[in-house]
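S.K.: Protein sequence lines, in the order shown, are assigned to chains A and B.
Take the first sequence: its letter number 57 is residue 99 in my numbering, and every next letter is one higher.
Take the second sequence: its letter number 220 is residue 262 in my numbering, and every next letter is one higher.
Treat the hints as calculated values from the structure; they're not laboratory data.
Careful, some of the hints might be misleading.
Since the list gives no way to pick one copy over another, a pair counts as held whenever it fits inside one copy or between any two copies.
To be verified - Below are the DSBU-like pairs computed for lysine-lysine, each with C-alpha atoms no more than 30 Å apart in a straight line:
| no. | residue 1 | residue 2 |
| --- | --- | --- |
| 1 | Lys-433 | Lys-45 |
| 2 | Lys-181 | Lys-67 |
| 3 | Lys-425 | Lys-153 |
| 4 | Lys-181 | Lys-385 |
| 5 | Lys-310 | Lys-45 |
| 6 | Lys-279 | Lys-337 |
2 protein chains.
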Amino acid sequence: MEKELHFERSEFATRVTSVKKEMEKRDIDTLLLSEPANANYLTGYDAYSFYVPQMVVVALDREEPIWVGRGMDGISAFMTTYLSDDSIRTYADAYVQSALSPYDFVAEIVKEIAGRKTRVGVEMGGYYYSARAHSDLMKALPEATFIDADLLVNWIRLVKSPAEVALMRQAGRIAEAMMYRAVDTIEPGARECDIAAVIYHQMMAGTPEFGGTYTCSPPYLCVGEKALAPHAAWTDKPLLPSTIVNLELFGNRHRYQVNLARTICVGKPSPNYQKLADVVVESLNAGLDAVAPGKSAEEVHAAFAKTLAKHGHEKDSRLGYSLGLGYPPAVGEKTVSLRKGDKTVLRPGMCFHMMSGLWLENDGITITQPFVVTETGHEPLTKIPRQLFVK
Amino acid sequence: MEKELHFERSEFATRVTSVKKEMEKRDIDTLLLSEPANANYLTGYDAYSFYVPQMVVVALDREEPIWVGRGMDGISAFMTTYLSDDSIRTYADAYVQSALSPYDFVAEIVKEIAGRKTRVGVEMGGYYYSARAHSDLMKALPEATFIDADLLVNWIRLVKSPAEVALMRQAGRIAEAMMYRAVDTIEPGARECDIAAVIYHQMMAGTPEFGGTYTCSPPYLCVGEKALAPHAAWTDKPLLPSTIVNLELFGNRHRYQVNLARTICVGKPSPNYQKLADVVVESLNAGLDAVAPGKSAEEVHAAFAKTLAKHGHEKDSRLGYSLGLGYPPAVGEKTVSLRKGDKTVLRPGMCFHMMSGLWLENDGITITQPFVVTETGHEPLTKIPRQLFVK
Numbered sequence: 043m044e045k046e047l048h049f050e051r052s053e054f055a056t057r058v059t060s061v062k063k064e065m066e067k068r069d070i071d072t073l074l075l076s077e078p079a080n081a082n083y084l085t086g087y088d089a090y091s092f093y094v095p096q097m098v099v100v101a102l103d104r105e106e107p108i109w110v111g112r113g114m115d116g117i118s119a120f121m122t123t124y125l126s127d128d129s130i131r132t133y134a135d136a137y138v139q140s141a142l143s144p145y146d147f148v149a150e151i152v153k154e155i156a157g158r159k160t161r162v163g164v165e166m167g168g169y170y171y172s173a174r175a176h177s178d179l180m181k182a183l184p185e186a187t188f189i190d191a192d193l194l195v196n197w198i199r200l201v202k203s204p205a206e207v208a209l210m211r212q213a214g215r216i217a218e219a220m221m222y223r224a225v226d227t228i229e230p231g232a233r234e235c236d237i238a239a240v241i242y243h244q245m246m247a248g249t250p251e252f253g254g255t256y257t258c259s260p261p262y263l264c265v266g267e268k269a270l271a272p273h274a275a276w277t278d279k280p281l282l283p284s285t286i287v288n289l290e291l292f293g294n295r296h297r298y299q300v301n302l303a304r305t306i307c308v309g310k311p312s313p314n315y316q317k318l319a320d321v322v323v324e325s326l327n328a329g330l331d332a333v334a335p336g337k338s339a340e341e342v343h344a345a346f347a348k349t350l351a352k353h354g355h356e357k358d359s360r361l362g363y364s365l366g367l368g369y370p371p372a373v374g375e376k377t378v379s380l381r382k383g384d385k386t387v388l389r390p391g392m393c394f395h396m397m398s399g400l401w402l403e404n405d406g407i408t409i410t411q412p413f414v415v416t417e418t419g420h421e422p423l424t425k426i427p428r429q430l431f432v433k
Numbered sequence: 043m044e045k046e047l048h049f050e051r052s053e054f055a056t057r058v059t060s061v062k063k064e065m066e067k068r069d070i071d072t073l074l075l076s077e078p079a080n081a082n083y084l085t086g087y088d089a090y091s092f093y094v095p096q097m098v099v100v101a102l103d104r105e106e107p108i109w110v111g112r113g114m115d116g117i118s119a120f121m122t123t124y125l126s127d128d129s130i131r132t133y134a135d136a137y138v139q140s141a142l143s144p145y146d147f148v149a150e151i152v153k154e155i156a157g158r159k160t161r162v163g164v165e166m167g168g169y170y171y172s173a174r175a176h177s178d179l180m181k182a183l184p185e186a187t188f189i190d191a192d193l194l195v196n197w198i199r200l201v202k203s204p205a206e207v208a209l210m211r212q213a214g215r216i217a218e219a220m221m222y223r224a225v226d227t228i229e230p231g232a233r234e235c236d237i238a239a240v241i242y243h244q245m246m247a248g249t250p251e252f253g254g255t256y257t258c259s260p261p262y263l264c265v266g267e268k269a270l271a272p273h274a275a276w277t278d279k280p281l282l283p284s285t286i287v288n289l290e291l292f293g294n295r296h297r298y299q300v301n302l303a304r305t306i307c308v309g310k311p312s313p314n315y316q317k318l319a320d321v322v323v324e325s326l327n328a329g330l331d332a333v334a335p336g337k338s339a340e341e342v343h344a345a346f347a348k349t350l351a352k353h354g355h356e357k358d359s360r361l362g363y364s365l366g367l368g369y370p371p372a373v374g375e376k377t378v379s380l381r382k383g384d385k386t387v388l389r390p391g392m393c394f395h396m397m398s399g400l401w402l403e404n405d406g407i408t409i410t411q412p413f414v415v416t417e418t419g420h421e422p423l424t425k426i427p428r429q430l431f432v433k
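Looking at chain A on its own, in the form it has when it is part of the complex (with noise of 0.2 Å):
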């Protein structure tokens, strides 16, 4: 059976390497991780399965790290990871949703490779590591050491390697492509929903020469009255003959993702709309030009923030977050945002959305910028002009 690994074992080899040292920094013996997007990371493992209890195992004492899922995904396990058999562990059907805790199965693991006494990293804050989840493991593991670990393996994902930014690079190619044909398809009188379609199908087809996959969340097409409203799900209603589109959306490679977005405006814009647009473009080069190695997040936001002020707008929520590997329900790494208090020093190979989106009493407009930073400033990580486009 073929295996299908998108990174070489040494580069796997060397996150694992990065993750023991941090252990140890942190005193951690077992570290068990549930965010599918670190079991990735760690492993390569690649389903979607991750809505039943699933989680990779990191020990000091063991080179491979354990995958441990449900039985019926375990041959995925063996497709997409590296491990070998006995790091592959699965759980009978009968713990799937029952009164059965697959909790227990992975608490026998920690104390087979570890003892009972070790101390146990968890992630806290993890969309997969319910309340249940740790309450479970915690009477399983009595005698065990808890500590939040949350967030340590995406700390080390916020570099990526050159393989990685090549992942990007390709699923920006992707974001452009699902970004023309969705301004190709927006005109007076085509449902929302049919807008939806060509944008999916293109985020699956790729391009001729690699093909798309499923995204972290949605797309976000947000019409009329919703363009205020940056996270609404679309109709089935005809847009009207002069009307806003706002569209966030998002190109993934082999679970790596680059998020855009653009307004397209169904007829002419007013001209307080147009300059609105004029000066969010102009705050978004100027945030992009103050991207630097050595730069922080913070100053990122002020250069943004300043030319902004200049023409009187303000705006609310973050100017911006790293991207990279991702899972539903969202992309966010939840390490560095590009806001005001975030000193996170600026490293070649991060990659951010600086999401320029503005949402004001009246006016919603989103024109934005992926990238990564590379030794001397910052790479565009997607081509379509920053810019309002007019249908």
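Let chain A serve as the given structure and place chain B on it in line with the hints.
M.R.: For chain B alone, coordinates are given in the frame of chain A:
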């Protein structure tokens, strides 16, 4: 600003009343719902915003539930719920992925409406109720008593109203359209990702009468060797002249989802494989024939299993699960499973996916049927022939 509600106000009122009755029975004063489907069920709220902390608070002493979420999503709460302004409470963006906890904000609301010593129900096993959420809430409400109310609302959702069944039927129409387009597109040389593309296109385009929306998980398009792996990701490789495609897909209308799977054989199937298909269909039909109000979930399973056993096969995993309203990462209501030991009695309005997929040592096959329990038996939610498709 226009409100978008998919049910009558009286239907929401009935739902809230049912939940409060169950709260009283369990001696819960205040129920904190983290599960987006439960929030939607009681308030109508619909936006893809649950990846940040978001809750619906139901208090015995208060007529309306309260929606709590991020500032920028308050407008979606206004647009998609019937709630009055005082029942929509939003926290500032400074709480998002920072050192501040939005659960402190939630705790203040709980104290305001129910006092410090309230008995609080929480969804311990919810995807969006992390170990951190629970820990923060317990810290912020030290005098409250916490009670596990996981699935409390899910069980009330189990029996669908006529208005809900109507949406399930529409979701079924979308699932059918998706399956027909997939079968049309599957042929030697087609890239897997291009097949995914047309499936997704139809998922959103829906029918000429009504549009579709994103589903709770991506379709499962498992080709060749991966037909053994139920939740594998697709690739961008072209289909071989002779291969198996196991396709599970989902139609979704206003968040109501219908699941459906078929196997499509590219090239002529081996006689053994065709025989396996016939056995699955015979067993599936036997299971469906056993569906009627008053029968138990395990009786339905037994009818399927008996027929399958007659042909020397066994299915390890459960035969099915209840379907309905859902959000990513999974549609499963986590209530009834069609399997041995589940004694839930079927009632009209319950919806299921009879997931009669088999994953044997060398073969995987998926021919399934979603249905609603009626007064006399069942109504299939899709009308695609129950057969192996050959291309």
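S.K.: So, for every hint listed, does it hold in this structure?
M.R.: Evaluated hints:
Proximity of Lys-433 and Lys-45 under a CA criterion of 30 Å is satisfied inter-copy only: 27 Å between copies versus 46 Å inside one chain copy. For a Cα distance limit of 30 Å, the shortest separation of Lys-181 from Lys-67 qualifies both inside one copy, at 26 Å, and across copies, at 28 Å. In this assembly of identical chains, Lys-425 and Lys-153 lie within 30 Å of each other by CA distance neither inside one copy nor across copies; the values are 51 Å within and 50 Å between. In this assembly of identical chains, Lys-181 and Lys-385 lie within 30 Å of each other by CA distance solely across copies; the values are 28 Å between and 39 Å within a copy.
Proximity of Lys-310 and Lys-45 under a CA criterion of 30 Å is satisfied inter-copy only: 27 Å between copies versus 53 Å inside one chain copy. In the homo-oligomer, the alpha carbons of Lys-279 and Lys-337 never lie at most 30 Å apart, since the shortest distance is 45 Å inside one protomer and 42 Å across protomers.
Violated hints, listed in ascending order, are 3, 6; each of the other numbered hints is respected by the structure.
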